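2 protein chains.
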Amino acid sequence: MPVNDNKKEIIRLLRESEGKPVSGQEIGEKLGITRAMVWKYIRTLRKEGYDIRSSPKTGYILDAAPDRIDPEELKTILSTDLIGKVISYYSILDSTNNAARDIALKSAEGTVVIAEKQSKGRGRMGKEWQSSPGGVWLSVILKPSIALENVSKITLIAGIAVTNVLRDIGVDAHIKWPNDVLVKGKKICGILTEVSAEVDKVDYVIPGIGINANVSLSDLSDEIRKDSTSISREMGKNIDRTAFVASLLYELEQQYIKFKTKQFTDIVEEWISLSDTIGKEVKITTPNRIIEGKAVGITEKGALVILDRNNKRQEIFAGNCRYSN
Amino acid sequence: MPVNDNKKEIIRLLRESEGKPVSGQEIGEKLGITRAMVWKYIRTLRKEGYDIRSSPKTGYILDAAPDRIDPEELKTILSTDLIGKVISYYSILDSTNNAARDIALKSAEGTVVIAEKQSKGRGRMGKEWQSSPGGVWLSVILKPSIALENVSKITLIAGIAVTNVLRDIGVDAHIKWPNDVLVKGKKICGILTEVSAEVDKVDYVIPGIGINANVSLSDLSDEIRKDSTSISREMGKNIDRTAFVASLLYELEQQYIKFKTKQFTDIVEEWISLSDTIGKEVKITTPNRIIEGKAVGITEKGALVILDRNNKRQEIFAGNCRYSN
Numbered sequence: 002m003p004v005n006d007n008k009k010e011i012i013r014l015l016r017e018s019e020g021k022p023v024s025g026q027e028i029g030e031k032l033g034i035t036r037a038m039v040w041k042y043i044r045t046l047r048k049e050g051y052d053i054r055s056s057p058k059t060g061y062i063l064d065a066a067p068d069r070i071d072p073e074e075l076k077t078i079l080s081t082d083l084i085g086k087v088i089s090y091y092s093i094l095d096s097t098n099n100a101a102r103d104i105a106l107k108s109a110e111g112t113v114v115i116a117e118k119q120s121k122g123r124g125r126m127g128k129e130w131q132s133s134p135g136g137v138w139l140s141v142i143l144k145p146s147i148a149l150e151n152v153s154k155i156t157l158i159a160g161i162a163v164t165n166v167l168r169d170i171g172v173d174a175h176i177k178w179p180n181d182v183l184v185k186g187k188k189i190c191g192i193l194t195e196v197s198a199e200v201d202k203v204d205y206v207i208p209g210i211g212i213n214a215n216v217s218l219s220d221l222s223d224e225i226r227k228d229s230t231s232i233s234r235e236m237g238k239n240i241d242r243t244a245f246v247a248s249l250l251y252e253l254e255q256q257y258i259k260f261k262t263k264q265f266t267d268i269v270e271e272w273i274s275l276s277d278t279i280g281k282e283v284k285i286t287t288p289n290r291i292i293e294g295k296a297v298g299i300t301e302k303g304a305l306v307i308l309d310r311n312n313k314r315q316e317i318f319a320g321n322c323r324y325s326n
Numbered sequence: 002m003p004v005n006d007n008k009k010e011i012i013r014l015l016r017e018s019e020g021k022p023v024s025g026q027e028i029g030e031k032l033g034i035t036r037a038m039v040w041k042y043i044r045t046l047r048k049e050g051y052d053i054r055s056s057p058k059t060g061y062i063l064d065a066a067p068d069r070i071d072p073e074e075l076k077t078i079l080s081t082d083l084i085g086k087v088i089s090y091y092s093i094l095d096s097t098n099n100a101a102r103d104i105a106l107k108s109a110e111g112t113v114v115i116a117e118k119q120s121k122g123r124g125r126m127g128k129e130w131q132s133s134p135g136g137v138w139l140s141v142i143l144k145p146s147i148a149l150e151n152v153s154k155i156t157l158i159a160g161i162a163v164t165n166v167l168r169d170i171g172v173d174a175h176i177k178w179p180n181d182v183l184v185k186g187k188k189i190c191g192i193l194t195e196v197s198a199e200v201d202k203v204d205y206v207i208p209g210i211g212i213n214a215n216v217s218l219s220d221l222s223d224e225i226r227k228d229s230t231s232i233s234r235e236m237g238k239n240i241d242r243t244a245f246v247a248s249l250l251y252e253l254e255q256q257y258i259k260f261k262t263k264q265f266t267d268i269v270e271e272w273i274s275l276s277d278t279i280g281k282e283v284k285i286t287t288p289n290r291i292i293e294g295k296a297v298g299i300t301e302k303g304a305l306v307i308l309d310r311n312n313k314r315q316e317i318f319a320g321n322c323r324y325s326n
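First to last, the protein sequences are chains A and B. Using the working numbering, the letters of the first sequence correspond one by one to residues 2 to 326. Using the working numbering, the letters of the second sequence correspond one by one to residues 2 to 326.
Some hints here could point you the wrong way.
What the hints assert, rightly or not - Using C-beta positions, here's what the derived DEER-type ranges look like: (1) B:Val297 x A:Lys76: 46 to 56 angstroms; (2) B:Asp228 x A:Lys86: 19 to 29 angstroms; (3) B:Ser274 x A:Asp309: 23 to 33 angstroms; (4) B:Ser80 x A:Lys118: 21 to 31 angstroms; (5) B:Gly280 x A:Asp228: 25 to 35 angstroms; (6) B:Tyr91 x A:Gly186: 30 to 40 angstroms; (7) B:Val306 x A:Asn311: 17 to 27 angstroms.
Calculated directly from the structure, the hints in this document are not laboratory data. For clarity, every value in this text was computed on a predicted model and none was experimentally measured. The beta carbon of each residue, even a glycine, is placed where N, CA and C say it ideally should be.
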């Protein structure tokens with residue numbers, strides 16, 4: 002069995018025992034290795050941040066696993082064909098989107114850039130994105146053969162993927178147009194989609210996904226905190242971020258396959274069912290104008306449809322959205 | 002008088018004499034400099050490629066001016082406020098669009114990249130663009146505060162600018178949607194617009210403009226030649242490319258100002274009046290589909306409107322267009 006599989010098996014055995022000690026002999030027998038080898042693996046795991054107590058008489062106890070996204074484990078458990086087949090993992094980056102843009106032209110489609118920390122996380126329209134410890138900060142390099150007019154659809158499918166994965170673990174997430182994911186009105190995820198293209202053909206699209214996973218709200222600034230929440234806050238416990246990222250990338254791939262093979266109306270239907278924007282009175286700010294009215298739908302091109310104050314139908318591809326109550 | 006003005010004045014005097022010799026004494030008197038200084042300038046001009054004959058008894062004759070875009074002269078005669086205030090001039094580049102993309106984020110809006118030669122000129126959708134000697138190959142860095150959905154409009158205004166400037170010098174140019182300029186059905190100019198953006202906001206748009214100015218058609222490959230023409234071919238003589246580029250940048254700026262300050266419907270009207278696509282039967286190929294039908298107009302968002310075989314209205318932002326028949 003390869004080294005990494007042995008380490009993972011040991012972690013699995015210790016986790017299963019739920020705080021009861023597991024002897025080195027028992028582990029060695031299950032893995033077919035000597036007790037000395039078990040001890041060697043334990044020391045390696047400790048170096049990697051696993052808090053493993055040992056007592057000569059009873060055995061080993063896992064007190065705490067490090068809260069990190071483990072790229073090796075991620076590769077093992079990932080069940081995708083495209084997204085995440087190449088993973089660039091960093092303990093710190095200025096921004097995963099910056100790093101992804103730097104390598105995009107020469108990288109394979111589906112390459113994922115993940116960082117434990119972002120020193121200059123970016124939100125939409127040049128805003129700062131506070132990337133506190135414990136979050137999921139990742140960017141995906143996609144190279145769909147689409148025209149520029151279809152790029153905003155990628156934001157929509159990324160929002161669907163995040164929302165589905167959050168609902169799968171019991172977090173009641175909703176999409177706020179165009180690309181925030183909210184829980185009870187508070188932001189848990191933001192998506193920044195960037196693109197390089199000629200007018201006729203996209204070179205690459207990079208959805209950057211930031212999720213307050215195991216983020217302590219006290220790490221956020223006062224201004225951001227009041228409108229934010231996190232997975233750990235909603236669930237009352239930290240999640241296994243490695244497993245979560247694996248699910249997210251899988252779901253993203255499913256949505257991407259749908260996007261490429263199905264009618265976009267199917268995706269629009271799913272988006273609407275997950276969104277809390279449709280039906281609300283909204284105020285949309287774009288670089289050129291402000292539109293106030295009622296959000297009534299999404300077009301087959303991915304634009305939000307607003308009935309404005311004069312009951313005129315307006316289609317908006319991008320902008321800042323506020324709910325007017 | 003600064004050195005460059007003296008050089009320009011000498012060229013002007015020699016040009017005005019139309020092949021008759023001008024004495025060093027006459028030049029010296031007009032410029033208020035010694036005959037030795039005149040001689041010094043003549044030597045410099047020769048180094049810059051001017052073919053100036055001299056005879057001790059009669060004076061100087063300009064046999065030929067170098068056919069190059071003179072960036073210093075261009076700066077002097079340019080009457081724009083934004084476009085071309087910074088000019089990056091190269092004798093050779095792989096592609097002016099590549100060079101412009103490399104410097105776009107840190108460059109001022111309006112920066113223009115010009116090259117006498119392109120070793121890897123790019124056309125739309127990854128096609129090669131043959132950049133033969135004597136052409137105008139330039140890219141303009143624009144940073145309009147617009148959403149992604151409006152980028153194709155920049156291609157339209159670039160097409161209008163090129164067509165207007167060609168018509169001003171007597172070349173009967175027409176726009177073929179989306180971004181070729183034709184004379185009697187043959188291509189004289191191609192425009193490749195590239196963009197870097199988030200979905201909500203453009204970082205930069207680079208219209209790359211390639212014009213067969215003083216291009217000898219025999220320099221083009223057989224396949225390209227049969228559908229191509231050049232300004233020199235149409236006019237029966239070479240043009241002053243420096244003056245032409247100055248006019249082009251001026252016209253581009255006028256169109257850009259219109260784009261930013263007027264209703265887009267005004268621009269659409271001008272585009273339609275300059276285009277030969279509207280009213281024609283066309284076959285449009287996009288990454289996702291092929292649409293055949295009659296081109297009937299342009300929407301306020303800049304999309305071509307086709308009435309397809311089933312008389313259904315189709316709006317297309319980008320694609321490859323062929324005229325049927």
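Right, here's what the structure says about each hint:
One distance hint, 46 to 56 angstroms for the beta-carbon pair Val297 (chain B) and Lys76 (chain A), holds here, with the actual separation near 53 angstroms. A hinted range of 19 to 29 angstroms for the beta carbons of Asp228 (chain B) and Lys86 (chain A) is inconsistent with their spacing of about 42 angstroms. The hint said 23 to 33 angstroms for the Cβ distance between Ser274 (chain B) and Asp309 (chain A), and at roughly 32 angstroms that hint holds. Evaluation of the 21 to 31 angstroms hint for Ser80 (chain B) and Lys118 (chain A) yields a failure: the beta carbon distance comes to about 51 angstroms.
The supplied range of 25 to 35 angstroms is broken by Gly280 (chain B) and Asp228 (chain A), whose beta-carbon atoms lie about 53 angstroms from each other. A beta carbon spacing of about 54 angstroms between Tyr91 (chain B) and Gly186 (chain A) contradicts the range 30 to 40 angstroms that was offered as a hint. Checking the proposed 17 to 27 angstroms range against Val306 (chain B) and Asn311 (chain A) shows it holds: the Cβ atoms sit about 25 angstroms from each other.
Comparing the model with each numbered hint stated earlier shows that hints 2, 4, 5, 6 do not hold.
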